[in-house]
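Chemist: Required output: the full structure, derived from the provided sequences and hints.
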Amino acid sequence: MESELTDDRTDRRTVAVTVNGRRCTAEVDVRKTLADFLREDAGFTGVHVGCEHGVCGACSVLMDGQVVRSCILFAVQADGHEVVTVEGLGDEDALNPLQQAFVEHHALQCGFCTPGMLLAAVDLLKHCPDPTETQVREALSGNLCMCTGYANIVRAVRAAAPNVRSG
Amino acid sequence: MKPPPFRYHTPRSLSEALDLLRESSGDARVLAGGQSLVPLLNLRLAYPEVLVDLNQVQGLSYIRDDGARLRIGAMTRQREAEFSVVLAERCPLLVEALAQVGHPAIRNRGTVGGSLAHADPVAELPCVMTALNAELVAAGPEGERVIAASDFFLGPYETALDAREILVEVRIPSAPGPRHASFVEFSRRHGDFALAEAAAVLEGDGSCTGARVVAAGPAWIPCRLEAVERLVGGAGVARTDGAAQRDLVEEAGRTAEAAVAALPTHADATPYQRRLAAVLVKRAVAQALERWSRN
Chain A
1 MESELTDDRT DRRTVAVTVN GRRCTAEVDV RKTLADFLRE DAGFTGVHVG
51 CEHGVCGACS VLMDGQVVRS CILFAVQADG HEVVTVEGLG DEDALNPLQQ
101 AFVEHHALQC GFCTPGMLLA AVDLLKHCPD PTETQVREAL SGNLCMCTGY
151 ANIVRAVRAA APNVRSG
Chain B
1 MKPPPFRYHT PRSLSEALDL LRESSGDARV LAGGQSLVPL LNLRLAYPEV
51 LVDLNQVQGL SYIRDDGARL RIGAMTRQRE AEFSVVLAER CPLLVEALAQ
101 VGHPAIRNRG TVGGSLAHAD PVAELPCVMT ALNAELVAAG PEGERVIAAS
151 DFFLGPYETA LDAREILVEV RIPSAPGPRH ASFVEFSRRH GDFALAEAAA
201 VLEGDGSCTG ARVVAAGPAW IPCRLEAVER LVGGAGVART DGAAQRDLVE
251 EAGRTAEAAV AALPTHADAT PYQRRLAAVL VKRAVAQALE RWSRN
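Just so you know, the sequences run in chain order A and B. Numbering follows our numbering, in which position 166 of the first sequence is assigned residue number 166; successive positions increment by one, without gaps. Numbering follows our numbering, in which position 191 of the second sequence is assigned residue number 191; successive positions increment by one, without gaps.
Careful, some of the hints might be misleading.
Said to hold, decoys possible - Now the stretches of chain B that chain A is said to cover, found in silico as 3 or more residues with beta-carbon under 8 Å:
| hint | stretch |
| --- | --- |
| 1 | 28-41 |
| 2 | 92-104 |
Unchecked claim - Facing chain A, a subset of chain B residues (Cβ under 10 Å, in silico):
| hint | residue |
| --- | --- |
| 3 | D53 |
| 4 | N55 |
| 5 | G59 |
| 6 | R109 |
| 7 | G177 |
| 8 | R179 |
I should point out that these hints are in silico values taken from the structure, not numbers from a laboratory. All values reported here derive from a predicted model rather than from experimental measurement. No residue lacks a Cβ here, since even glycine has one placed at the ideal position from N, Cα and C.
Modeler: Spelled out as C-alpha cells, the structure:
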C-alpha cells in the first residue's frame, strides 16, 4: 500500500459542488480545503483565508444552509453539497438586507472579516429572527475583526433583522 | 498551513470503515466532524497516512430514548444535539454543555463522538459524560465493547480506543428519580477551550440522595471529586431548606479546594487554574441545588 504514495502521495478526486446556485466541477487533491477550492477552482474570492486552522472565521460559508468554516473542510467533503459564499448573498445593485445594514452602520473597515461575519449572521437570523445584543455577540464570537469594529457589526445585524424577516 | 498529503477513504458502512482501519495498520485516523483533527493537519501536528471519513457512513447519527438510557450516535452533530427536543427534556445538562462548545460554525460540523474520541483535557463533553456516568460503545474487528466514561479517558488526547476501533455510540443511563444538574466553565475568550470547568449532577426528590461532581482543567482528564460527592450527596439536605443549602454550598467550595489540590494535576496547571476549578465546582453545586429547589 505504501509504494503508491512514496514519490507523489497525491490522491485526487473529481468534485462537483453547487456554489451560489452554479455547479462547479474540478479535479482536486483530496487534501485541498473547501476554502481553496472555492477561491481557486470556483473563482469565489469573497471567501477570505485568514488563520487556516478554524479560529478566525473569515472563510465561513454556508453548506446546506449552515455556517461552516471552509478552511477545515476538504473540498471532497462538499462533493454533491450546496455552498453559499458572500457572492451568493446579493450583488451591487441588490444588496442583501444584512449587507445594506453593514453599509449603513459602518460595520466594515478593512472588510477582511466581513464575508464571514455576514454568513454567520445569516445562520443566526435563521434560528433567531429577533436576536438580542447578547445573542448576536455570541453568534459572531467565532469571527474575529482585526479592526475591532464589533460594536457597529452588532448594531448592523440587529438593524437588519426585521428586513431579513420580511424579505 | 495546508494539510500534508494523505490517502482518503469514504466508506459507506461501518464494516467497510473498520476494514479500512484494520488494513492501514495504525497509520489511519478517523475523520468525524474534523473540527479538531483538520486544524491539527493544517498545523502539521498530525501526519496520518490515511483518513477514514465517517461522514458517509449510514446509521451513526441519531438520538434515541429507550427508557433505560439515552443513546446518541457518535456522528450526531453537536448543533443537532443542542437543539434536540429529546435531550432538552431528558438531559438538559448535555444541552447546557453543548451550547458552550466552540462556536455555532464549529458545532454545525463537530460531532458528539468526535469530541469524545479526541479527548481534549478541557473539552466539555468528556467532563459531562463522566458526570453522567455514560457508557461509550466502541466497534472493532471483534465486535462491540462498552466502556464506562470513567475508564475511557486515559490522558490528554488519549482514550481506551484501540487504533482499529471506532466510537459508535454514547449511552447515558436514565436516573431512577429526578435529576438536577449544572455545567459551568471559564474561558478567556468566548468559545475558546476552557481553563477549567465543572459539572454537578444531583439525584433525589424531597432530599438530595446522591451526587456526581466532576472537575476538568487542572488534571489531564476530567476527574470525579469524591469528597465533594460524599458531602453533597450525603448531607440529606431538603429541597426546601434554603439556609442548609447555602451552608452546604460554602462547605462544598472548601471541600472542592482540598479535593482539587489532591488531584494528580499536570505540570502546566497553575495555582490559578486549580483555584478556578474549585470555584467552578462550588458554582456548579450551587446552581444544581438552586435548580432542584426551584423545581
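Chemist: The structure should be examined with respect to each hint, and the outcome stated for every one.
Modeler: Here is what the structure says about each hint:
1. For the stretch 28-41 of chain B, the stated coverage by chain A is satisfied: 5 residues place a CB nearer than 8 Å to a CB of that chain, which reaches the threshold of 3.
2. Counting residues of the stretch 92-104 of chain B whose CB lies closer than 8 Å to any CB of chain A gives 3, so the stated coverage by that chain holds, three being the minimum.
3. Taking 10 Å as the C-beta cut-off, the interface hint given for B:D53 holds, the closest approach to chain A being about 7 Å.
4. Among the interface hints, the one on B:N55 holds; its C-beta lies about 6 Å from the nearest C-beta in chain A, closer than the 10 Å criterion.
5. Interface hint status for B:G59: violated, as the beta-carbon distance to the closest one in chain A is roughly 19 Å, over 10 Å.
6. Of the supplied interface hints, the one on B:R109 holds, with its beta-carbon coming within about 5 Å of a beta-carbon of chain A, less than 10 Å.
7. Hint status for B:G177 relative to chain A: violated, with the closest Cβ pair at about 34 Å, above 10 Å.
8. At about 27 Å, the closest approach between the beta carbon of B:R179 and any beta carbon in chain A exceeds 10 Å, and the interface hint on this residue is violated.
In this structure, the earlier hints numbered 5, 7 and 8 are contradicted, and the remaining ones agree with it.
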